[in-house]
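**Student:** With chain A held as given, fit chains B and C onto it using these hints.
Spelled out from the first residue to the last, the chains are:
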Amino acid sequence: MDIGPIWRAMMKNKAGFILIALQIAVTMTIMVNAFAIMQERANNAARPSGLDEANTFALVSALFTEYEREDKKSMIDEDLALIRGLPGVKNAVATNSYPLRQGGWSMGLQLEPGNQSTDSVGSAIYFVDEHGVDTFASNIIDGKNFAPNQVAWTIEDDDTWPAHGIITEALGKDLFPDEEGSYVGKTFYVNDNDPVNVVGVIEKLQAPWPGWSGVEKSMIVPQRRVSDFQRYVVRAEPGYRDALMPQIEELLTNSNKDRLIRDMTIMEDVRERAYLDDAALIKILTFIVGMLTVITGLGIVGLASFNVSRRTRQIGIRRALGATKPAIVQYFMVENFLISSIGVVVGGILSVALNIAMVEAFALEPLAWYVIPLAMLALWTVGQAAVAGPAKRASNITPAIATRSS
Amino acid sequence: MLKMKKVSKTYRTDTVETHALREFSLTVDEGEFVSVTGPSGSGKTTFLNIAGMLEELTSGTYELDGRDISKLNDKERSAVRNQKIGFIFQSFNLIPELDIFDNVDVPLRYRGFNANERKRRIEKCLDMVGLTSRMKHHPAQLSGGQQQRVAIARALAGEPRFLLADEPTGNLDTHMAESVLDLLTEINESGTTIIMVTHELTLADRAKRNIFVLDGQVSDAAPEVHFAAVASA
Amino acid sequence: MFRYYLKLSLLSIRANPALSALMVAAIAIGIGACMSIITVRHVMSDNPLAHKNDVLYHVRLDNWNPDNPYDEPNEPPEQVTYLDSTALHQAGRAFRQTISFKSDRVVQPEGEDVKPFQEEIRATTADFFTMFDVPFEFGSAWDAAADQTEERVVVLSSEMNQRLFGSEDSVGRSVTMNKEIYRVVGVLAEWMPVPKVYDLNNNPYEKPENIYTPFSIAVAGEWGSSGNNSCWKPTGGGYEAYLASECIWIQMWVELKSASEKGAYLQFLDDYVEEQKKLGRFPRELNNRLDTPAEWLVYQEVVDDMVGVLLSLSVLFLVVCLLNTIGLLLAKVMRRSNDISLRRALGASKSALFAQYITEAGIIGIAGGLAGIGMTWLGLRGIENAFSGYDFIAYLVTMDWTMVLVAVALAIVSALGAALYPTWRACSVSPASTLRIQ
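So the sequences go chain by chain: A, B and C. Reading the first sequence from the start, the letters are residues 1 to 406 in our numbering. Reading the second sequence from the start, the letters are residues 407 to 639 in our numbering. Reading the third sequence from the start, the letters are residues 640 to 1077 in our numbering.
Next up, chain A with everything else stripped away, as it sits in the complex (with noise of 0.2 Å):
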């Protein structure tokens, strides 16, 4: 098929070809980076916490009633042997927080004592007993957990730091950035003064904040802290879960009056509360690709008819010159692929363009390369399914148009 006919006929009359161009090239450009989007979005809520997600929940236990301080670790090691007690529990621990919860703790952690915090890194703490590991289903990949001895209760008044801590992965790296091999024994400073050891490495566990950029920097602290507000966090064994929480709820209810037991929630509804907003953005970018592609689709078999039927006593000259159906039908469908290869080369340049500008305005990620030239099948497709309804059209028109004087 000889190209260039084609292509001088349509730039004698550019408007109705440059409309279904420019449309391909301003739907590429919102269909590649709202793809980029969803996909980031996706990619972020699917990271791992580093818990048994589906088997793990956590409960508060919110005293109001007026304890000595004895009395309050009573109860919890009340409560924790009771929960620990129960069959079907894997393991149970009283914290301050867990990932995702989107609130908790941070410190910021330094290599040298003293007061200078310009070159600290910043890491989410978790204070646990020994069963803290086991309950968040930490992976330990070095050095060792917790002993027994090592765990303490807080001391009134004094805020000093235990000496032990346990580090993940992603800390260590970025707490010792030069150290080739082990962190284990290594030690760092906490509050401007306050020694830690390192006595084991644990793979992954991230901090209660998915949007933070160090999210998989965390610290499991072997501090048991004595406060009106204690957190459980309980393992089960698989499929023991459902049962456990409502025996549990009324368990702890009944055996102490003077607290509340509230917000007992899965760790699956934690992980859909922390990534709520990337799921509603995928939510409202499916809805606008989709709508977008009907949109465009519905437009090029609209302009595409139009434009077919501009030409309907050129066509039936062709036809009567001896011109094939087929051939007719051709025409227009390399018409058409020349109009939407203008378009997806204007649409990818468009597309990066916009990707460029939003990673500046609004902190996106980059598009990944392999996007455009998915676009530009795609909408090379779309637009050769909209002309071809026009163009079998056009190869029906008869050829005794041609001796028609009006």
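Hints listed in this document are in silico derivations from the structure and should not be mistaken for laboratory results. Fair warning: there could be bad hints in the mix.
Label-pair ranges, simulated between beta-carbon atoms [to be verified]: (1) Asn149(A) - Ala933(C): 13 to 23 Å; (2) Ala1048(C) - His544(B): 34 to 44 Å; (3) Leu1059(C) - Glu503(B): 22 to 32 Å; (4) Asn707(C) - Ala147(A): 31 to 41 Å; (5) Trp1040(C) - Ile349(A): 33 to 43 Å; (6) Asp77(A) - Val753(C): 22 to 32 Å; (7) Arg310(A) - Glu503(B): 21 to 31 Å; (8) Ala730(C) - Gln247(A): 48 to 58 Å.
Even for Gly, the Cβ is constructed at its ideal location relative to N, Cα and C.
**Tutor:** Showing chains B and C alone in chain A's frame:
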């Protein structure tokens, strides 16, 4: 009233030059009934477009009532067309969405008359063509002959200097054609100048003066006499 | 002439119902997509305290680490310490001042079978309510004296009053929290400032707290903050040490008589900090700030970036819809070329035809705008559905009259813009083309 002096029309593209109308001069006086005949492709249509100011001349001057109208801008040309010329087309060209009253109204709207003046003129012209009773009907509800008469009423409503008719009976059967021609004759007898373009010689007979167009050349002489001159051109 | 063009436009639209409907639909859908996002953004970036924007100020003092600013490039912390907030509040130099933080208590409603529940409380001072124009249904806030005497009083939100007392006038009744008894002195009317300007530290769009108690009670009871808390050096442990520390956890606002007093109050803050420097505090350079609600909202970057992303994409979506509209208009103009060249032959100038077709485009635009309002409503319901996990989303997806007007205006402007090229084509149709080729 109407003077074309040394007028010609040439179409130019990048590669080809077409002399649609060779240089000619023509004068039409007030009250004349002129027919312009010639075979297909002779240039009649171009002549019509020039006379009706639908296209611009390539050379020469066109005077209407002593005013040179060949060099006007679009706004001025539109005004002249609106006020001085009444068009009658072969295919009537009534606007289907508008009723008869509103169709005759169209040129008056671009004149700036107030509602009362327009109404007066429309009613007068519809009465002249005998279609007052059909004022609220739409073109689709009228016969071909009636539609052409509406078109004539529209052409007259602005009290133009001359009517310019393009094959006014071309789309009508003989019976209707007769009545339209009678109407035109009547209008001419009451003083309106008419220039009628047609390829049918029988129609041309009804006019009082004949002009011929052949191969782009406009002349008063009959084609036989002119043939020899053209052959050598 | 305009009425003539109006008449012709309506006739033309009626004569091409399918084409006209498609054009209106194309515009409406594009407008719907854009205006949904614009509306959400409009609500999110609203300043509910705009009417007091020149008298209310958020106080920031730079008590932070000498080696690092709290935030780049040199921003003081977003909250103030206990020492400074109480000292400044005590000094009473502004027309009104308030210090507050949020905390948690367990409410124990009356009745044997009623379960206690945990609730967020705002510990604040009496001026809070007048400063932020908080509306009362029954009673009033406690007076300044109550701030000093540590009398156990509470103000309830309308929702809490409904929950505890069935929306009756509960002034004088008691509420038990953590086994302590509080007397109700006031009940608020419905109040939902969007965003929650007085405390933007956690979720700017969450509902205000349901219970309010005097600041002094909270401190006397050693209540911890359930909001944000940051310290740049160790406190030493225990509540007393915490109160004396450089940890920031309290929100402070002042109300001045007019904007012209800002300089004087800032001077007062500077003088106070200079005094504290002599005691060894405030190691950083003088860096105190007074931000109006508008400035504070901007600093906190309340509107999520995601809104900007969606806005960009929805504008492009509108462009696609307008390209469709241009195509449809072009098709219509081509179909009407006989009408156009006839009118030209009969004496209409190019500008007359331009006016005629622009009028038609304008009408399509208005129709598209009105239909677009419906589409916007649908779009907002979609957004509400996508974000249904947030209980405050309903407040962010409401259209006000400004947005309705913007929708119609945008539709008209878009339609006119889209019509420019087709209308120009319309005017360029030559009058000669009416005549048939013989």
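**Student:** Taking the hints in turn, state whether each one holds.
**Tutor:** Cross-check of the supplied hints:
1. Asn149(A) - Ala933(C): 13 to 23 Å: violated, 57 Å
2. Ala1048(C) - His544(B): 34 to 44 Å: Check passed, 37 Å falls within 34 to 44 Å.
3. Leu1059(C) - Glu503(B): 22 to 32 Å: holds, 24 Å
4. Asn707(C) - Ala147(A): 31 to 41 Å: Between Asn707(C) and Ala147(A), where Cβ atoms are some 36 Å apart, the hint holds.
5. Trp1040(C) - Ile349(A): 33 to 43 Å: holds, 41 Å
6. Asp77(A) - Val753(C): 22 to 32 Å: At 30 Å between Cβs, range holds.
7. Arg310(A) - Glu503(B): 21 to 31 Å: holds, 23 Å
8. Ala730(C) - Gln247(A): 48 to 58 Å: holds, 56 Å
When the structure is compared with the earlier hints, a violation turns up for hint 1 alone.
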